[in-house]
Amino acid sequence: MNVRRKPESWAWMLWLPLWAWTATSWSGLLQKAESRDLFIWSWDFISSRLLQPGGLLSLTGSFLTQFLHIPVLGALLLTALYALLARMVRRLYFKEGRNSMFSLFPSAFLACAAMATGYMVYRLKLAAFLFVPPLGLTVAVLAPTLATHFRNRSAFILIWTATAYSLAGFYGLLGTLLVIIKSDSHRLADTAAALAAVAAVPLVWAQFYTGTRTDNAFLAMLPLFSPEKRYFACALPYLLAILSLLFMPLAARLPQFRCNAAILTAIAALTVFCPSIGKRQFRTELKMSAAVDEQDWEKVVTLGDRSLAIAARDVAHGRRRICEPTRLMVLYRDLALLELGREGTEAFNYRRTGIKPETAVPVSMAVQAARQMYFHFGLPAYSYRWCFETSAQSGLSYENLVYMSASCILGGNEKGADRYLTRLEHTLFYRKWALQQRSAGGDGYGFAKAMLCTEDWLDNDYSQLEAFLSSYFTQYETSCSSPEFFRTALLWSAQTRLTERFFNAYDNYVSNCGPDGLDSHWQQALQLFAGITQGADISRIPLDKEQKQLFISFRKFMRDNPEPSEKQLQKWFGNTFYSYFQSGQMPPMY
Amino acid sequence: MAAFLAAGCTGVPKVWDSCGQLPSMTPDYSNVVIPRNIAPMNFIIDTPGDRFVTVLKSDAGETVLRGRTVKIPMRRWRRLLESDSISINVFVQRDGQWIRMKEFSMTASDPIDRYVTYRLIPPSFQQYEDISICQRDLESFGEKAIYRNMAVMKPARGQGQCVNCHSFQNYGTESFQLHLRQYEGGTVIVHDGKVRKVNLKRSQTAVSTAVYPSWHPFLPLVAYSTNSTVQYFHTSHPDRVEVFDDASDLVLYNVETDVLTPVLTTPDRLECFPSWSQDGRTLYYVQAVHDIPDGEDRHRYTLSQTDSIRYDIYAMPFNTATMEWGAPYRVFNASAAGCSATHPRLSPDGRRLMFSLGSHGIFHVWHNDADLWMLDMTSGQARALDELNSDRAESYHSWSHDGRWVIFGSRREDGEYTRLFISHLQPDGTFSKPFTIPQKDPHSNSMRVYSYNIPEFTTERVKYGPRRLLRAMR
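Chains as they are written, first to last, in my numbering: chain B, 1 to 590; chain C, 591 to 1064.
Quick caveat, the hints were computed from the structure, so don't treat them as lab data. Predicted, not measured: the structure shown is a model, and the values here were computed from it. There could be a bad hint or two in this list.
Just some of the chain C residues that point at chain B, by a computed CB distance under 10 Å [claimed, not checked]:
| # | residue |
| --- | --- |
| 1 | Gly762 |
| 2 | Gln821 |
| 3 | His827 |
| 4 | Val831 |
| 5 | Glu832 |
| 6 | Leu850 |
| 7 | Thr851 |
Calculated cross-link-like contacts (lysine-lysine; reagent style PhoX-like; alpha-carbon spacing at most 20 Å) [claimed, not checked]:
| # | chain 1 | residue 1 | chain 2 | residue 2 |
| --- | --- | --- | --- | --- |
| 8 | C | Lys604 | C | Lys692 |
| 9 | C | Lys604 | B | Lys229 |
| 10 | C | Lys604 | B | Lys125 |
Glycine included, C-beta positions come from ideal geometry on N, C-alpha and C.
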């Protein structure tokens, strides 16, 4: 293979690892992007999208986004789109082949933008944000390509701007600018027509479409960010993608250097893969979220264990920077263990507190996970409410429709569920689930059903998901008598490290589930809290011999090491309640 | 088996079996009284079947339509409405056999005010984004936004804006107002050809800025309540939300002099939902006793008492010449019956007072037990409007300008979304079967994920749109 004669061969080789990397490492992001979007096969939905500038682009983006439901397939479509864009740019600007590796950059920046999304995935208001930019840039590149077939350039510019803006928003305007920039003749009339069209068309639209501010009409279909420093890292790749396209004619005129192609390709590859650095836990969190939605509790636990193992390994090696799971990942794991009935043996270990997400973007656990957590913890009314709160902010989505319908069903309002199930029945990947729900009547949500309480409390979570759940399970008096509820209350109470709360929960648990066969963590907690209380008599409680021995060892350890190091605690009492209790870490509130 | 000889090629089945049951349909438009000028009453046949034929007949003509979705062409509908009654026969084919369902009718009656203005809002709880005030032409399916917050706010920057409380003077649109909250907040007042935005949070409005409005029918005055409103959420009660005031007063605003005067600011009373009589000489409102013990936090105490805060209906005479108030008096003692009344609205002829009644509280849109009641002002008798009520919340009712029609919000369909229902006041003082306002596509009511709030009739079109209102405000 002669690289100089066929430099594009390198480019084609890059798409495969990109696809593989996106489909595996970033599958969580793809699934999250899909679940936060919506495409319904109904005229109502389609026409409402088409009424906005860039509506067809948005619709097409959402159509393609639904295939992210299967990450391998969605990643393939996304990668194919990046490849198509690169190819179109190459054919437009680099016919001779010189410096053609520059054609990779718009796609590279967009792939970078996708991976740099981070926690903005919960805040971005652009529907189909993964597909709209590459589709949009492809449309923009189409303009100079088509312009060559028209003799009357000014007329083409006017028709193109009016039509393309309506269908593709900002990208239609970008196409107009590309026509002028690419043009060899640079006639004044063409330039004037382009500038007038770019200025006038959005303003005319704004008179009829009131869904956006007039100034934002020029930015239709662009992801909008608040002009603050903390959003810069997310916004920059999009900006670079657009700028790279505008400066492409210049790139085509640069002299060809030796090894140019290799350098440019390496830069493009680095641009794509750099945002993945330091986002391991975030990617895992997204995968756990998807697994919770699928009720694949084993997968949630496996992913959670892996994250905790990474943190434990960092502690064991005495690393200064410990790669910790987020608090939400810990709660997901707890939920999964409760569903599997293994919380009493696996929930507690040294690093189970978790941290606030390491991001400059404001993150709220309630926005991320309230609908899931409230639902599975038997509070469908709160789950429903949070579906609405997030829908109000970011639009209706698959995930909200699923939880709204499930919450209505669980709450005994089948009629209320009907509206949402009807919508889901008109989707590609949720139709089957929706049809099942009509006849299932809440079956399949055994744990959530068992958690339902007849008592009602008038309260407010003030957007603090964990604090509310903690209060609910540790302080509210309830007549709920399911073993699931008492197990859950026991777990939440133990987490508080407060003696009184633990014993209250323990008494309720034992009264309803009996004292026999107490799991290891609860035996540990009992002995520890009894030791603190001093007055508590646990002599009649049947405890395992090895747990008694373990407690004795722990007491001795603490006497010998009044201020034990993390490494020591992790090594000797890693997967016990003792290490959790001793760590003293408070869960972050966000 | 009855044989039916159909004319020519209309597609009406020639042979069918009779069925004594009404067809199942959405919306339910069977045997309703409709305004003579209403848009086509399109509906969907829900009765299971393979093919459907609907025959609409009146003295003025006949229309045959095929398909499960019955969309009546405008011209044909207008022709049908030339008569007083339209009979509708629905034929359903199942396994090759046609069945004629029980015939039902739509009776054409008085014309209705042509426009109704409402707020479209997703029934979210604390967050909001796309909210609009829209005016619907009831003679067609036209719906136009008067104001839309998306035209102003910057969602990406977290600068949101809530829009609420539109109010018109005497069914006209020359004078109206609406509130904007948060980003670029204020009260937008359109009066005398001018649009301005005013700040009604003043020293006289200690509790809050002005909230629920009621324009005086002919003076440049708007009565407002000021409310310190709080919202809490049920963990399992079907009502989902409890919205209550821990303080509220009444004030009067003169739109020409820009003067705001307190009307009722009693500390141990909660006054709310002012509503003028059509002659402008009486202001109706609701009031609850709310005596907070010394040392108690107002908010916490109110939260603990939400179940027992009950509002009665009061009236206060107003001298339109001297602008002086008379002594208020109680009109309806809801609290004595263990109930709470809100939204008192007097009919234009002054004979009937309609209100919403629930077991407690003020925000009945969230109370499933809330029903519409009516007080006969002559006899003093009050009754539940059973012919209008359902097992879900009914609230926010408005009279048409001639008092012949009433429109109200109801969550009867699924308990989640408020839809608007219209009913006709019959000569005997009862109301006809309510029906939901017709849509061009009858599926849209079930697909639309917005609630309709605060329906208000007007007889004329609002001449402002969102951009024009914005330009005029600046």
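Taking the hints in turn, this is what the structure says about them:
no. : hint                   : verdict
1   : Gly762                 : violated, 24 Å
2   : Gln821                 : holds, 7 Å
3   : His827                 : holds, 4 Å
4   : Val831                 : holds, 8 Å
5   : Glu832                 : holds, 6 Å
6   : Leu850                 : violated, 31 Å
7   : Thr851                 : violated, 35 Å
8   : C:Lys604 with C:Lys692 : holds, 16 Å
9   : C:Lys604 with B:Lys229 : violated, 75 Å
10  : C:Lys604 with B:Lys125 : violated, 56 Å
Hints 1, 6, 7, 9 and 10, counting from the list given before, are not met by this structure.
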